[in-house]
Structure formats: C-alpha cells, structure tokens
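**Q** Starting from the known structure of chain A, arrange chains B and C on it as the hints suggest.
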Amino acid sequence: MKDVRGWLPELAAPVVLVVLLALIASQVLSGGDDVKFRNAIVSIAIVVALYVFVGNSGVVSFGHVSFVAVGAFSAGLMTVPSDVKPGVLPDLFGFLKHHSIGNASSLLLAAAIGGAYALVVGIPLMRLSGLSAGIATFAVLGITYNILRYWTRIGPGAETLSLVDNGSPTTDYLQATVGALAVIVAAFLYQRSRWGRQLRAAREDPAAAQAAGIDIHRQRLWAFTLSGALSGFAGGLFVHLYGSINTNDVYLDLTFLTLAMLVVGGMSSLLGAVVGTIAVSLVQIWLSDWENKWHIGSTAILPGGSSYVGVAIVMLVVLLVRPSGITGGRELGFGRFGRRG
Amino acid sequence: MAETLLELAGLEVRYGGVAAVRDVSLQIAQGELVGLIGPNGAGKSTTLHAIMGVLPASSGDVLLRGRSLRGLKPETISRAGIALVPEGRRIYADFTVEETLRLGLVGRRDRDGAEADLAWIRELFPVIEEFRDRQAGTLSGGQQQQLAIARGLAAGPEVLLLDEPSLGLSPKLVDVVFEALTEIAKRGVAVLLVEQRAQRTVALADRTYVLSNGEIRMTLSPKDAGDTERIVSAYFA
Amino acid sequence: MSHIQALLDAIGLGAVYGLMAVGIGLVFGVLRLVNFAYGQVIMLAAYMLVFTTGWPDVASILVAVLMAVFASLVMERVAFRRLRTSSPATMLVATFAISYLLQNLALLRYTYHSRPVGDSVGTLAGLINAVQIGSLHIRWITFVAIGTGLVSFTLLALLLKRTTIGLQMRAAAADFRTARLLGVRADTVIMTAVAISGVLAALAAVILAVSSTVVTYQTGLSETILVLVGVVVGGIDRLLSATLGGFAIGFATSFVGAELPNQGTTPFTSNQYLPSVIYIGVIVVLLLRPAGLFARRGQAPVERV
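Residue numbers (numbering that gives the first Met the number 0), protein chains in the order written: chain A, 0 to 340; chain B, 0 to 236; chain C, 0 to 304.
For reference, chain A alone in the conformation it holds in the complex (with noise of 0.2 Å):
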C-alpha cells in the first residue's frame, strides 16, 4: 500500500477507538460495570463482521445472528470438558459428546463454522437484493433459532449452556479485545481488497459494476462468506467472554441492536460500524447507571429497564436528525483521502 496518509486513518481511527475502550474498561473491570463493558467489546466484534457485508454490497442481512450463534454454540460446545459433557448434555451425537478443545481452536472452529454455513446459505440467497433479501436472511434466523433451540442433538437446546470456568477475567477481556482488533484489520483488509471494491461497484452502480464484468453475485457470496466467519468468530468470543449462551441471547434483540447500532454510526463504513456501536454502549452504561443510582429513598425514580427505553429514543433521534448516521459513512482521512465509504 503506498500512500500511508491515504489508509493509515481509515485503519488507525476504529483501532484507536477500540482500545481506548478496552483501556476504560479495565480501569472499571472491578466494578459491577464491567459487564456492560463486555457488551460493548463483542458487539464490536459483531458489528463490525456485519458491516463487512451490509456496509459493502448494500444489502441488508437479518440473518446474521446466526452465525454468531453457531459460533457461539460450537465453541461453547466443544470447550466443555468431555468428562463433563455426557453428564450434562445426554442427547448429544457420539462425537460431540465424547471430544473437547481447547480456547484458542475454538474459535478458528467458530470461525470455520460461522463461514461454512453462511456460503452454504449465500449461494442460493445472495442472487437476492434489496427487501426479498432481507427476509430471506431473516428467515435463515427464524430457521437458526427454532433447530438450534428444539434439536438436543446438537446443542443445549432451550437450556444455558454454561462453560466451565478456566480463565481470568483479564484473559477474556483482553482475549476479546484483541478478537474485535482482528475483526477490524481483517474487515479494513477486505475493503482495500480488489474483491472489496468491485462489490462496493456494485453497491453503487450495478448495471455499470456488471457491465465492466463484475460477477455480483460471486462477490456477494465472498463478502457474505468472510461477514459469516467473522460472526461465528465474534460468537466465539462471546460466549467465551459471558462463560454461558442461551439461544434467546442470540436471536431477535441482538439482530435488533447490532442492525441499530450499524445504521446510527452509518452504514457504509468501517468508522461507522466502531462509532455507532461505541455510542450505543455508552449510552445503555449511562442510563443504566441512572437507573441504579437516582433514588429517593429506597424508590428508584428511573424504573428498571428504563434504560432500554432510553436507548431506543436516542437512536431514533440520532436516525430523524442524521439520516446518513454519525460518520455518514464516511471514514476518516486526511482532505482529499477521507473517503466516502
């Protein structure tokens, strides 16, 4: 890459932003707070792989908590000890039940799974666009969920399935931490790749994308693909950073809020899919900080789950006043190299 004023930014900004936050979060890792601060690292994470497909060809996927959920559920699995396991997990196949790995293996596995299955969904569904796109991605969820929450084949079904605890908070922490880095690098990678472009054509124009021989359909596929494996990757992170998963964790409410968190940073870009999810997680810490601390008396002034409430109006304030999102979707440069994502 040549011109380090003209990608330097565009990379270095969402790194900045990430470790300050991880920076903060370790100074309050003590507290109760560092919970909310988990939040804030996975959905990075999360959002980010999501970015790498919605924010580059324009189609907006629902599904994709999906293959966080996979992720989240075969790292999961596969770290249970298998000593433990048949104990808990009865139903289990043979070798799911007998076999454990280790941290580290698990999430290449959550990757590899997180990928495997979104190409698999991708070939039929990515000659789709726009609202047929969506549902159809949607229904991938709905598909998701119901198998994952019925099936004890495979999984804890509608039970939590809780990891036994080996590691320091710190090595989560910092293990997720890193994690969201690496999502980061490898999504700012994607779009300065040759394929990143073409599809970000496409996005654009794709009468003129397809005209100049540009396969959208294949660079769908690819983009869909890597957001696939990313998710399950961030799956892997979460569940080892909670210690547990539900398949209610990673259903509607996470598709929800990391869709929202992508629009209100904005859309189109790497910078946006940071920003806005930083900005919604400082605003659930704050109100939910509020929640907790205005009383008088023992009468809580702000009802629990007020906070939710919150976040919900500040988004939709942030969507009527600034349509585009905070960043535009733009991403940051020097003059003439900040790029319109």
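Careful, some of the hints might be misleading.
What the hints assert, rightly or not - Just the calculated beta-carbon pair ranges, DEER-fashion: (1) A:L19 x C:D186: 45 to 51 Å; (2) C:F69 x B:A115: 25 to 31 Å; (3) B:D111 x C:V73: 34 to 40 Å; (4) A:D214 x B:W119: 53 to 59 Å; (5) A:E203 x C:N128: 38 to 44 Å; (6) B:R131 x C:D186: 40 to 46 Å; (7) B:S67 x C:R176: 20 to 26 Å; (8) B:D60 x C:R176: 21 to 27 Å; (9) C:S221 x B:P55: 41 to 47 Å; (10) C:G165 x B:D226: 50 to 56 Å.
The hints are simulated quantities; they were obtained by calculation from the structure and are not laboratory data. Cβ atoms here follow ideal geometry from the backbone N, Cα and C, with glycine treated the same way.
**A** What follows is chains B and C alone, placed relative to chain A:
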C-alpha cells in the same frame, strides 16, 4: 393586450454547486403558445419542474398572475391553476381512461365547469370517448399522450406545461397533438411547450425560446422556422 | 382433530393476518415504508381494551380504535414524515427503534410495579367460548375473525375503487410524484392511509386479545413479524398480493401447525419445528419468485432495503 398569466423572473435552479438553469426570464400571456427548445441537458425539464415546485428555485421567482409560487408544494401549485403533462406521460396503467380523467378532476378549483370542460376535452380527443372503459396501459403511445394532455386539462388550468409530448410519436400523431395545442391556446389557456423537435415547434408557437446550458440564448418567431443555421447556432451558443 | 376444524381455524388466522397485511400494505403503498412498529399499535389498542374493562363492548372497541388511529397518526407526524427521504435501511431501523421503545415502555408497567407480566381482557373474552357443530368445536372468535376480514376487505375495496379519496390513494401508491402534479394532496392521502391502517390494527387487536385472553408488552410482535414476511412473500408492491401473502402465511402456519405431529425432536418431524418449515417455504418462494408469489408476471422486485 392579453393578461400575463405565467412569468419567470431571473429563475435559477441549482443541483448541488452547479446551476442547471440560470437567469431565465420569460412571460406567457393568456392564449399564447410559447415554445422552449434546446439541446439535451439544457435545463428545459428542470425549468418545468421548478415552475411546478418539484425542484426548489435557488433564486429568482415564478409568478402566476403576479402571485409568487416559490416554496409552494406541487399540489398547491397544481391547484392554483397550472397543469404539467410530464415527460413520458406518466400514465397510470391500471386506471381506466374514465378513472384517469376523474383523477385529473381532483385538482380542480371550479367544480361547476367540470362537465362543460370534459365535453370539450372529449371533442378535442375523440379517443377518450372511444376507449372510455379501457385500461390506460393498453392504449398506444399516441393515445396515451392524448390521454395525458386530457388528464391535465381536466383540472381546468389557466397554464398548461408540456414536457416533450412528441417523444416517440409518429409525424402524423405529432400533427394531431400539435393541432390540439393550438386549439387549447385558442381557448385562452397559456401553453408552454418544451420540445426536442426544434423546427416544428418554432413553426407552431407564437414565439420560441432557445435554452442552452441553462440560459436563454435567443428568441425565435415562426418566420425563423426555415432558418436552420440560426437555430443551430443558438443551440451551440 | 378433524381436518375441517384445522381448515376453519387456519382461515380464521389467515383473516387476522390479512387484516394486518392490509394495514401494513396501505402504509407501504403511500410511504414506501415498512412499519415494523405496527405490532405496537396493535399492542396499544389491546391495552385500551384492558383499561376499559367493564365498559360496554362497543365503547371498549371504539376506544381501542381511537387509540390506534391516534398512535399511528402521531408516528407518522413525528417519525415517518422525516424518514420519507431516507434510505430503506434507515427507515427500517427507525421503525424498529419505535417498536422497541414502545415494547419497553409497556414492560415498565410490570417492572415498575413488580407485578407479573400480562393483563387479562374483560367481558369480550366471552367470545373465546366455542360452539359445537357436529363433531367440530369452533370458537366464536374464529367466526368473528372471518366475518371481520370479509367485511373489512369489501369496504376497503369499495373505498379504493369507487371513491375519490380511494382513487387518490391508488394514484399515490403507484406514482406519488405525478399524483401531486395532478393536485393530489400528499398529506391528506398519507393521513388517510395511516388512519385506516390504525383502524385495521385495532380490529386485529380485538381478535388477538380475545384469542389469547391476555395482553402483554409483546402482544402483536410475533404476528407482525410473520405478517411482514408474508407480505413480502406475497408481493409488497400491490395491496392485493400483499394481503394474499398475509393471509397465506397465517393460513399455512395454522394449518401446518395443526397437521404436524406433536412429538419428535429431530428437525421437521414435529410441530416444534413449525417455524422452520414455514421459513424454508418462505425462502423457496422468494428464490423462485423474488417479486412475490402473487405478483404479476414481469414485475421487478421492489428495490428497497
């Protein structure tokens, strides 16, 4: 002297930083048929859209009977008495001819004159009566164009704007349409005709403005219709 | 359970979903906006039934209708109006946000007072009782649903075909810009469409509330999701195909659900997997007919989102 119905005063319309239409001034009086020609991208359609409020004017003014139309919504301008027959006709394919006319009546201020106007419109364009219950999408291009003009007239406008009505029509049908325009102007409607067919427009209209690169370069009268050189020079001015 | 009973129940559910589909389709037609918060309009109307327990039924229903119309108009004024020129993704997330907001506001009712989730609906619940016809055991509410559906669709069709405002709404849905050039008032048409969708939401709310006898902050949510899916599968571009799509998914969900066996953990062998069966059907239909199952031939899929 006939009353000026429509006036454009120093009209300017910008797309971002570029002025698509710059300092355009003209007047059309009752019963006049005025042409507006020019090369592609000259700003002819932009001018019509600015009159109708679809595009905002960045400076200058559009006046109907001396009343400024700047900043008004398209439906308000339409109801004030200006009708636009859009480029490509923009016919509702699923509506019957009858329903199309009913739609045209929606913007009408004067309810009582409706029947009389419709009678006249049916006389002007016999196809309207003939294909009364047919779906508009099944009509031919020429018939659809006539229907589009009829739809515009149904509102009883004082000013009629047309955006390239001869597009895609055979010469014979262009005759039909242009003759109808003459009739319409005779009825007292002020007609502004935007066209690509330079010569025919110059021959037809009371006067024709040539718009090039957003500005009016010259004004032609019917006697200039044979002077090809003059017209061409105006296009490339 | 006999097939005829399953059939009737399915038609009943299809009718409710059809009503919702019309509400969603009308707003989409004039605003090109998919209102994800439609379920919450239903929820608000259902809560009005709860709060007016003890009132005469007709008054109760009227209050629900007024609330639904009011809420819809407020949404339009505050949010939809500003979103008209935004990208489809922004519009969708914004209506998501409204939906999320209203759900969690309703949830406060239970968390603030530390009470269990759910309010029961009053005397209207009498409709939950069933009538015995031969070997069939059909709830009154099913008949009400089918009847309401038929009457509503007929009235709406008459409105659209025969009245001037209907003509204007059809024109606005097909080509809004040209309609405005002809003098059609944008605000009037939009408010009319939104108000009618509110009325339909209230009707759906009554049926859903009575069917489940309990109203919670999630009332209307899962139904709206399914109806949205159905509407796109049917063909969101035209009101008729959207309505048929809504009806179809309601019918399919109910009928397939009744016909699937109750036991079995292997995927697709029991009615636990009903959602998967339906969703796979959805994907197949969208792959074969992206513009919609009931869309007209040669129609391009709506490029939104």
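**Q** Any hints this thing doesn't respect? Which numbers, in order?
**A** 2, 5 and 6
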